[in-house]
Amino acid sequence: YEYMVSNESRIKSVKDQIRAYAIALDGVQQEEALGNRTVLDVLDAYQELLNANVQEVRARRDYYVSGMALMLAMGKLTAKDLNLNVEYYDAEKHSKETRNKWLSLSIDK
Numbered sequence: 001y002e003y004m005v006s007n008e009s010r011i012k013s014v015k016d017q018i019r020a021y022a023i024a025l026d027g028v029q030q031e032e033a034l035g036n037r038t039v040l041d042v043l044d045a046y047q048e049l050l051n052a053n054v055q056e057v058r059a060r061r062d063y064y065v066s067g068m069a070l071m072l073a074m075g076k077l078t079a080k081d082l083n084l085n086v087e088y089y090d091a092e093k094h095s096k097e098t099r100n101k102w103l104s105l106s107i108d109k
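Numbering-wise (my numbering), the sequence shown opens with residue 1 and increments by one.
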């Protein structure tokens, strides 16, 4: 749970970082238009913004993975709990069907 919460705050932090890099990129582009910056400076600013976007995607992925790990730990990562449109496995039914079988051979008493 703590990992999930820390990833949630990481996402917020990276979003702030993205906004800051977008503002910085805009400023560098304006300075480049006036001749105060080079094209390389603009490309570096683009790269920083791209890296921040990649960090956000990774943070979101980590958040979802930690959520799934939490569901698994709680025993809630089943097809039924996830409302998947599949045939559900019935462990009790399978246990009854195979109770007296050994190596797929039926042993009737």
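Simulated from the structure, these hints should not be mistaken for laboratory data.
Source: prediction; values computed, not measured.
Each hint should be verified, as a subset may be incorrect.
Claimed, not checked - Listed below are the simulated PhoX-like cross-link pairs for lysine-lysine, each with C-alpha atoms no more than 25 Å apart in a straight line:
| # | residue 1 | residue 2 |
| --- | --- | --- |
| 1 | 93 | 76 |
| 2 | 76 | 101 |
| 3 | 93 | 80 |
| 4 | 76 | 96 |
Unchecked claim - Quick list of the computed label-pair ranges, beta carbon to beta carbon:
| # | residue 1 | residue 2 | range |
| --- | --- | --- | --- |
| 5 | 93 | 54 | 39 to 49 Å |
| 6 | 93 | 73 | 53 to 63 Å |
| 7 | 97 | 67 | 46 to 56 Å |
| 8 | 30 | 60 | 25 to 35 Å |
| 9 | 8 | 83 | 37 to 47 Å |
| 10 | 96 | 58 | 43 to 53 Å |
| 11 | 23 | 72 | 18 to 28 Å |
Every residue, glycine too, gets a C-beta built ideally from N, C-alpha and C.
Outcome of the hint check:
As the CA atoms of residue 93 and residue 76 are separated by approximately 20 Å, the hinted pair is consistent with the 25 Å bound. Annotation: proposed proximity of residue 76 to residue 101 is violated, straight-line Cα distance about 30 Å (limit 25 Å). With a C-alpha separation of about 16 Å, the suggested pairing of residue 93 with residue 80 holds against the 25 Å cut-off. Taking the CA atoms of residue 76 and residue 96, the gap is about 24 Å. The hint holds against a cut of 25 Å.
Between residue 93 and residue 54, the C-beta spacing of about 47 Å keeps the proposed range 39 to 49 Å intact. With their beta carbons about 26 Å apart, residue 93 and residue 73 fall outside the hinted range of 53 to 63 Å. With their beta carbons about 35 Å apart, residue 97 and residue 67 fall outside the hinted range of 46 to 56 Å. Judged by the Cβ atoms, the range 25 to 35 Å given for residue 30 and residue 60 holds: they are separated by roughly 31 Å.
Remark: the range hint 37 to 47 Å for residue 8 to residue 83 is contradicted by a beta-carbon distance near 24 Å. Separation of residue 96 from residue 58 is about 46 Å and conforms to the stated range, judged on CB atoms against 43 to 53 Å. A beta carbon spacing of about 40 Å between residue 23 and residue 72 contradicts the range 18 to 28 Å that was offered as a hint.
Hints 2, 6, 7, 9 and 11 from the list above are not met by this structure, while the remaining hints are.
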